[in-house]
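Engineer: In the working numbering, the protein residues as written are 52 to 183.
Ranges between beta-carbon positions, derived for each pair: (1) Pro150 x Val69: 19 to 27 Å; (2) Arg93 x Glu175: 38 to 46 Å; (3) Ala77 x Met147: 22 to 30 Å; (4) Tyr96 x Ala143: 17 to 25 Å; (5) Ala143 x Arg117: 33 to 41 Å; (6) Met147 x His176: 40 to 48 Å; (7) Glu120 x Arg56: 15 to 23 Å.
It is worth saying that the hints were derived from the structure and are not from the lab.
Ideal Cβ positions, reconstructed from N, Cα and C, are used throughout, including at glycine.
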Amino acid sequence: MGLVRMLLLAVAIEATAVLLLVLLVAALGPADPAAAPAFAERLGYWFGPLAGFVLCLGGGWFVARRLAEGHVLRGLVLGAMVASIDIAILIASGAMFQPMLVFSNLGRLAAGSLGGFVARTVREHPRRSSAA
52 MGLVRMLLLA
62 VAIEATAVLL
72 LVLLVAALGP
82 ADPAAAPAFA
92 ERLGYWFGPL
102 AGFVLCLGGG
112 WFVARRLAEG
122 HVLRGLVLGA
132 MVASIDIAIL
142 IASGAMFQPM
152 LVFSNLGRLA
162 AGSLGGFVAR
172 TVREHPRRSS
182 AA
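Can you build the whole structure from these sequences, using the hints too?
Structural biologist: See below:
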């Protein structure tokens with residue numbers, strides 16, 4: 052997968068995390084629309100890092116699954132792209148710095164790398180047929 056496609060996937064990962072947060076707020080949030088932003092902020096504090104980790108893990112596997120080598124690096128690059136987009140959104144929105152933001156984006160890097168590692172492991176140790 053080329054870098055342009057990886058960048059598109061990174062945008063899709065970040066957009067999916069935001070969309071999932073919006074859907075959760077709509078489904079579980081307060082009935083009062085004025086209270087929804089505060090609820091979204093509290094929920095997003097924990098949900099954003101978790102969703103980012105899970106989506107980068109899957110994305111890291113996806114971008115590395117067909118490679119002959121460089122699996123972990125490719126996953127790391129995807130995680131870095133997603134983290135960069137997240138940081139750009141935070142800066143553009145004027146969000147206050149919180150230590151959780153550092154851990155969240157480090158989690159994206161780790162998850163992308165882990166996804167690449169999983170792809171390499173699956174490639175090196177394919178499932179054997181039990182029919183033999």
